[in-house]
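K.L.:
Sequence:
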Amino acid sequence: MARCLGPLLLLLLLLLLLGSPSSEGRNRCVDAAEACTADALCQQLRTEYVARCLDRAAPGGCPRARCRRALRRFFARGPPALTHALLFCPCAGPACAERRRQTFVPACAFSGPGLAPPSCLAPLDACEHSRVCRPRLLAFQASCAPAPSAPDGCLPDQAPSCRRAYAGLVGTAITPNYVDNASARVAPWCDCGASGNRREECEAFRGLFTRNRCLDSAIQAFVSWWPPILQDQLDSLQDPGHSLLQVSSADEPPEGSSLFFMLPVLALQPLL
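Here the sequence shown stands for residues -25 to -1, 1 to 247, where the numbers follow mature numbering (1 follows the signal peptide of the UniProt record, and there is no 0).
The set of hints was computed from the structure by calculation and includes no laboratory data.
In this text, all values refer to a predicted model and were calculated from it rather than measured experimentally.
Each residue gets a CB set at the ideal place from its N, CA and C atoms; glycine is no exception.
Misleading hints may appear alongside valid ones.
Quick list of simulated restraints, FRET-style, between CB atoms [to be verified]:
no. : residue 1 : residue 2 : range
1   : E178      : P81       : 32 to 40 Å
2   : T185      : A82       : 16 to 24 Å
3   : A91       : L16       : 35 to 43 Å
4   : A169      : D132      : 38 to 46 Å
5   : A70       : E175      : 20 to 28 Å
6   : G89       : P131      : 26 to 34 Å
7   : G171      : L90       : 16 to 24 Å
8   : R31       : E175      : 16 to 24 Å
9   : G171      : L16       : 40 to 48 Å
10  : P88       : S124      : 22 to 30 Å
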């Protein structure tokens, strides 16, 4: 943890990043933040990545490598029911959506350091040469491949594995995020304006996020699937007669041992 950030300051920073239940009507992003705070492991890992990503005392400003490593640890070791709830919580208004966009400290983990995004070929090439990123990108491509025959773009039971694979990219050279506070659209911090004779390759890579019906459907489907154990956690918070429960269940029940299931599981192993 950054030496310059005490526990009280970290708590204040978390409140600024995530907002408070009274600042806006109840919504599931607030519920997800409360449930993570009530779980010792989730809160410890979240405090760790906030400290890393906001450590302005680091040489050169944002310590991006350490920030992203802490984010990978958050998703690899945290309770999936809680980490995924923070990543995919549904929003009905711009204030909630902006808080969701800011949850994983995009100023350090996602965008910059310049004002204009680089060519998508830069993060793609970096990912191809990274032992951390490359298997996760392959898992994402396999798990979120759109199915033309499916009405929503995903094969039956494909959405959970797609979400897991997408979460595995957070904290890598690609690190996608929500692009605005008016939608649930996601993309890496890059564009294809300066990709030269590799423009087609660049557009194809960016399209994995911006033109992917299965990914869009998988994120939107989280609205209708709210982890029951997460709701139990929230119920225990609202009822003083109950003790706080530790959440340790998986995101969804296992779907079998097919390749679609195994690839994301392998890709999400801690590669730290």
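K.L.:
Starting from the hint list further up, note which numbers the structure goes against and sort them upward.
P.N.:
1, 5, 6, 8 and 10
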